[in-house]
Amino acid sequence: MDYEAVIGLEVHVQLKTRSKIFCSCSTRFGAPPNTHTCPICIGMPGVLPVLNKKVVEYAMKMALATNCEIASVSQFARKHYFYPDLPKGYQISQYELPLAENGWIDVEVDGQTRRIGITRIHMEEDAGKLIHDEHRPLSFVDLNRTGTPLIEIVSEPDIRRPEEASEYLKKIRQLVRYLGISDGNMEEGSLRCDANISLRPLGRQGYGVKSELKNMNSFRHVQKALEYEIRRQTALLLDGGQVVQETRLWDAAKGVTHSMRGKEEAHDYRYFPDPDLVPVEIERVWIEKVRQEMPELPGAKRERFVKEYGLPPYDADVLTSSIHVADYFEECVRLFHRPKTVSNWIMVELLKLLHQDNQEIDTCPVPPSSLAALLKLVEDGTISAKMGKKVLEESYKTGMEPQQIVQEQGLSQLSDEAELKSMVARVIEDFPEEVAKYRSGKKKVFGFLVGQVMRMTRGKANPKKVNELLQKALD
Amino acid sequence: MANLVDLTISSLRQLLDQREVSAVEVTRAYLERIEKVDSKIKAYLTVTGDQAMEAARAADEHMASGETAPLTGIPLGIKDVICTKGVPTTCASRMLEGFIPPYNATLMERLNGQHAVILGKLNMDEFAMGSSTENSAFFPTHNPWDLKRIPGGSSGGSAASVAARTCAGSFGSDTGGSIRQPASHCGVVGIKPTYGRVSRFGLIAFASSLDQIGPIARDVTDCAILLEAASGYDPKDSTSVNKQVPSYIGSLKEGLKGLRIGVPEEYFIPGMDPEVEEAIRNGVSTLKEQGAEIIDINLPHTEFAVATYYIIAPAEASSNLSRYDGVKYGFRAEGYRDLLEMYTRTRSAGFGPEVKRRIMVGTYCLSAGYYDAYYKKASKVRTLITRDFQDAFARCDCIAAPVAPTPAFELGEKKDDPLQMYLSDIFTIPVNLAGIPSISVPCGISKEGLPIGMQLMAGHFQEETIFKVAYNLELTLGKIGDWPEI
Numbered sequence: 001m002d003y004e005a006v007i008g009l010e011v012h013v014q015l016k017t018r019s020k021i022f023c024s025c026s027t028r029f030g031a032p033p034n035t036h037t038c039p040i041c042i043g044m045p046g047v048l049p050v051l052n053k054k055v056v057e058y059a060m061k062m063a064l065a066t067n068c069e070i071a072s073v074s075q076f077a078r079k080h081y082f083y084p085d086l087p088k089g090y091q092i093s094q095y096e097l098p099l100a101e102n103g104w105i106d107v108e109v110d111g112q113t114r115r116i117g118i119t120r121i122h123m124e125e126d127a128g129k130l131i132h133d134e135h136r137p138l139s140f141v142d143l144n145r146t147g148t149p150l151i152e153i154v155s156e157p158d159i160r161r162p163e164e165a166s167e168y169l170k171k172i173r174q175l176v177r178y179l180g181i182s183d184g185n186m187e188e189g190s191l192r193c194d195a196n197i198s199l200r201p202l203g204r205q206g207y208g209v210k211s212e213l214k215n216m217n218s219f220r221h222v223q224k225a226l227e228y229e230i231r232r233q234t235a236l237l238l239d240g241g242q243v244v245q246e247t248r249l250w251d252a253a254k255g256v257t258h259s260m261r262g263k264e265e266a267h268d269y270r271y272f273p274d275p276d277l278v279p280v281e282i283e284r285v286w287i288e289k290v291r292q293e294m295p296e297l298p299g300a301k302r303e304r305f306v307k308e309y310g311l312p313p314y315d316a317d318v319l320t321s322s323i324h325v326a327d328y329f330e331e332c333v334r335l336f337h338r339p340k341t342v343s344n345w346i347m348v349e350l351l352k353l354l355h356q357d358n359q360e361i362d363t364c365p366v367p368p369s370s371l372a373a374l375l376k377l378v379e380d381g382t383i384s385a386k387m388g389k390k391v392l393e394e395s396y397k398t399g400m401e402p403q404q405i406v407q408e409q410g411l412s413q414l415s416d417e418a419e420l421k422s423m424v425a426r427v428i429e430d431f432p433e434e435v436a437k438y439r440s441g442k443k444k445v446f447g448f449l450v451g452q453v454m455r456m457t458r459g460k461a462n463p464k465k466v467n468e469l470l471q472k473a474l475d
Numbered sequence: 001m002a003n004l005v006d007l008t009i010s011s012l013r014q015l016l017d018q019r020e021v022s023a024v025e026v027t028r029a030y031l032e033r034i035e036k037v038d039s040k041i042k043a044y045l046t047v048t049g050d051q052a053m054e055a056a057r058a059a060d061e062h063m064a065s066g067e068t069a070p071l072t073g074i075p076l077g078i079k080d081v082i083c084t085k086g087v088p089t090t091c092a093s094r095m096l097e098g099f100i101p102p103y104n105a106t107l108m109e110r111l112n113g114q115h116a117v118i119l120g121k122l123n124m125d126e127f128a129m130g131s132s133t134e135n136s137a138f139f140p141t142h143n144p145w146d147l148k149r150i151p152g153g154s155s156g157g158s159a160a161s162v163a164a165r166t167c168a169g170s171f172g173s174d175t176g177g178s179i180r181q182p183a184s185h186c187g188v189v190g191i192k193p194t195y196g197r198v199s200r201f202g203l204i205a206f207a208s209s210l211d212q213i214g215p216i217a218r219d220v221t222d223c224a225i226l227l228e229a230a231s232g233y234d235p236k237d238s239t240s241v242n243k244q245v246p247s248y249i250g251s252l253k254e255g256l257k258g259l260r261i262g263v264p265e266e267y268f269i270p271g272m273d274p275e276v277e278e279a280i281r282n283g284v285s286t287l288k289e290q291g292a293e294i295i296d297i298n299l300p301h302t303e304f305a306v307a308t309y310y311i312i313a314p315a316e317a318s319s320n321l322s323r324y325d326g327v328k329y330g331f332r333a334e335g336y337r338d339l340l341e342m343y344t345r346t347r348s349a350g351f352g353p354e355v356k357r358r359i360m361v362g363t364y365c366l367s368a369g370y371y372d373a374y375y376k377k378a379s380k381v382r383t384l385i386t387r388d389f390q391d392a393f394a395r396c397d398c399i400a401a402p403v404a405p406t407p408a409f410e411l412g413e414k415k416d417d418p419l420q421m422y423l424s425d426i427f428t429i430p431v432n433l434a435g436i437p438s439i440s441v442p443c444g445i446s447k448e449g450l451p452i453g454m455q456l457m458a459g460h461f462q463e464e465t466i467f468k469v470a471y472n473l474e475l476t477l478g479k480i481g482d483w484p485e486i
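Chains H and R supply the protein sequences, listed in that same order.
Terminal number for the first sequence in our numbering: 475, no gaps in between.
Terminal number for the second sequence in our numbering: 486, no gaps in between.
Bound-form chain H, shown alone:
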């Protein structure tokens, strides 16, 4: 029997507001343990949370970007469990009345677009971190992260293949980065994903028993864990066995999932509305204000790039993958008006350099103005395209301006006719045999003769000009 996977994702996105969700402590990462804390975020007696409005606005942006309906009234609720990284013994989250519901994201896999429903987006606070002593049975608690704002994005069980899950996540990452609300980095934990997966006979409605997968720290691992889980559940079902409802941990090293806790050991979180916080009321005016602050989203930008710059869809896709690449492109085009040329240089040359170094374009040592200047040098023939690539590499390495590199290293092309003519004449004189061969019809020798001129100028001669002059001299 053939089975179909039914997958839903719960994605946590850490918002990069400057202060925490319920107090004024900094959210900056990497400070010494317990230095970004105060009585409120460490849960001392008698303190009270006050909602950071910026968090609501960031969450609203994501809700709008994923076509959700924003609730006019939403409410925070307490989710209870005991753990040393959770100082109050409960996490302030949202439960019955989330911030936003009923949205969707379109993802493209193998040229096909699938719409993945978003059940809800809600706001909540992050927990702290435990640091376990390697030698003794001892743990240390660092509460710097406690109270960092998160949004949880819960998808409908609309995902059918691991690749779709991966694309859906990439889409979420792209959106949060476009919106500037999160770094969206899975490896660093600013984007986290849990997956619910069950199987059902192909073509059948309804749902099978699901397992919940945790501990996947990259897009690749989400995909691999889901692939593994499909194999595991398929084998179970084909053997006449049954899937048990449980939470399973992905073991990246072994490439398997294993059971963490069963349904019986599942927490009873005892949610109830947090009496310390008043309901979040959001009026239309506020939504509109936030909407106006939103940047152009990837879909719209991609369309505009095709229309406005006449780019092929593929180019538009690559250039709008990140808002920084798109911004770089547009700034470059503003200074150098050949969009396709700019696109080629960014996609082929610049992104290659950046990838080699694992760098993002917003930290690129070659600013858009420098790339534009370089492209001008190529266009007006000061340097050849091939030389241009070398200059770009040099500029990337040293941060020097392209003009300066060309000047200091004497790289500008030799285009002076008189000088080139005399060189052509010398080559004809020095290689009589080859010239004779050419004149007797062995046209292949032409390339050799061009090469000799280039060698004399150490590559600086304008190849087009050399071709022209040599042709004239020989014929």
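What the hints contain is simulated information worked out from the structure, not anything from laboratory work.
All figures in this text were calculated on a predicted structure; none of them were measured in a lab.
Pairs of lysine-lysine, DSS-like flavour, derived with a Cα cap of 25 Å: (1) H:LYS79 - R:LYS377; (2) H:LYS54 - R:LYS236; (3) R:LYS236 - H:LYS53; (4) R:LYS40 - R:LYS148; (5) H:LYS472 - H:LYS442; (6) R:LYS380 - H:LYS79; (7) H:LYS79 - R:LYS236; (8) H:LYS210 - H:LYS79; (9) H:LYS289 - H:LYS16; (10) H:LYS129 - H:LYS79; (11) H:LYS472 - H:LYS443; (12) R:LYS236 - H:LYS16; (13) H:LYS289 - H:LYS301; (14) H:LYS444 - H:LYS472; (15) H:LYS79 - R:LYS356; (16) H:LYS129 - R:LYS328; (17) R:LYS243 - H:LYS53; (18) H:LYS444 - H:LYS460; (19) R:LYS414 - R:LYS148; (20) R:LYS479 - R:LYS148; (21) R:LYS376 - H:LYS79; (22) H:LYS340 - H:LYS301; (23) H:LYS421 - H:LYS386; (24) H:LYS171 - H:LYS307; (25) R:LYS356 - R:LYS414; (26) H:LYS464 - H:LYS340; (27) H:LYS170 - H:LYS224; (28) R:LYS415 - R:LYS148; (29) H:LYS79 - R:LYS328.
Quick list of the computed label-pair ranges, beta carbon to beta carbon: (30) R:GLU413 - H:LYS129: 45 to 53 Å; (31) H:ASP268 - R:GLY250: 46 to 54 Å; (32) R:GLY412 - H:GLN242: 56 to 64 Å; (33) H:GLU10 - R:LYS380: 26 to 34 Å; (34) R:GLY250 - H:ASN102: 47 to 55 Å; (35) R:GLY412 - H:ASN102: 58 to 66 Å; (36) H:GLU96 - R:MET360: 23 to 31 Å; (37) R:ALA333 - H:GLU10: 33 to 41 Å; (38) H:LYS129 - R:ASP273: 51 to 59 Å; (39) R:GLU341 - H:HIS355: 50 to 58 Å; (40) R:LYS380 - H:PRO39: 31 to 39 Å.
Beta carbons: idealized from backbone N, C-alpha and C, even for Gly.
Let chain H serve as the given structure and place chain R on it in line with the hints.
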């Protein structure tokens, strides 16, 4: 001159303002009084003598330079549920023994801003759970009118110290009657303000949607002075209300003409102490003589209030008390082998029986499968009770009722009978569920010499009405008796 500690805050204010006495002298008198009688009353958990004297000197300096606020130089006591920076704040629990908050409650900031003098921290039922102060993990407090009896609770220390003249006024907290019931039992005046009137920041939470800080004082005027100082919007408390604080003192002396006072049928129940009923009926007649119109009203959902309260309050408490896990501050048990054992041992040894009982009840009420039947249902009944009051206040300006069904009972009398104990809050609980303000003002004394208080309630933010009626009652009835010798 009369003994300094027998004076009201308003009298002290005059003496201080006229330089007849200094804050240092007043404070010293109170510290001596505490030294002399508190061993019998046991109202204080912590006496901050040195800080008090220092604050008194600062108050004198401020008064000398003409910066005098209503509470400058006035010695006050604070219930140990309110966080005081640098001073132990225990909630009368082993769990917080030795806990010294690095922050002040907003109330303390306000009092410090007026250069009030803080004498110390007052005893209470552990985590404000109880009606007798017998649930203090450290020792019970005694009623100054009869040392064999309880002072009421949970703000028993706050009420007893005011009656014993070991502070000029105090602050307590009221979740289901914890200010009004002890005020009634100790023959003093205590008000639970409208929910949101006084900031809860720094008030250690019992049941967040019900808790409210309020003052306890010798008379209505003092009570109004203290509430005015405590009230106001606080951006640190999302549930505090941004609404101008009126002059409570200014409204006291208006007459009762044209005022309608409702008497709810449901608050006069069989089994109620006849002396209490008589005192209340007598008080109501007095108000009528003063020009108020008395009407009979109904609050039909009153009978469900106790049940509703004992779901909502423990549910919130079970959540609020989760933070006491031994990880960060306060008590941690020893001899545990793993994390779970650290939690269970710490919480088993750190909390007293009443606190544990409520945590268990609350946890149960919020559990999957029970939430709808208990917490959700209770929330709905709460709305009905609130509506009862709204309907009533469409017909009257103020409601007069008893505070407690009996005068103060004896220590140990109900300690082992939680249900009987819960019923002593039967008349005070509905007010907290509705979030309205209510005062307890003395209106009589039993044959055994025990004070009886009358409860006066009004609509949201109608504290002025309450003070006006209470003031008139106090003025007309006169003192219910001399302050007890101790």
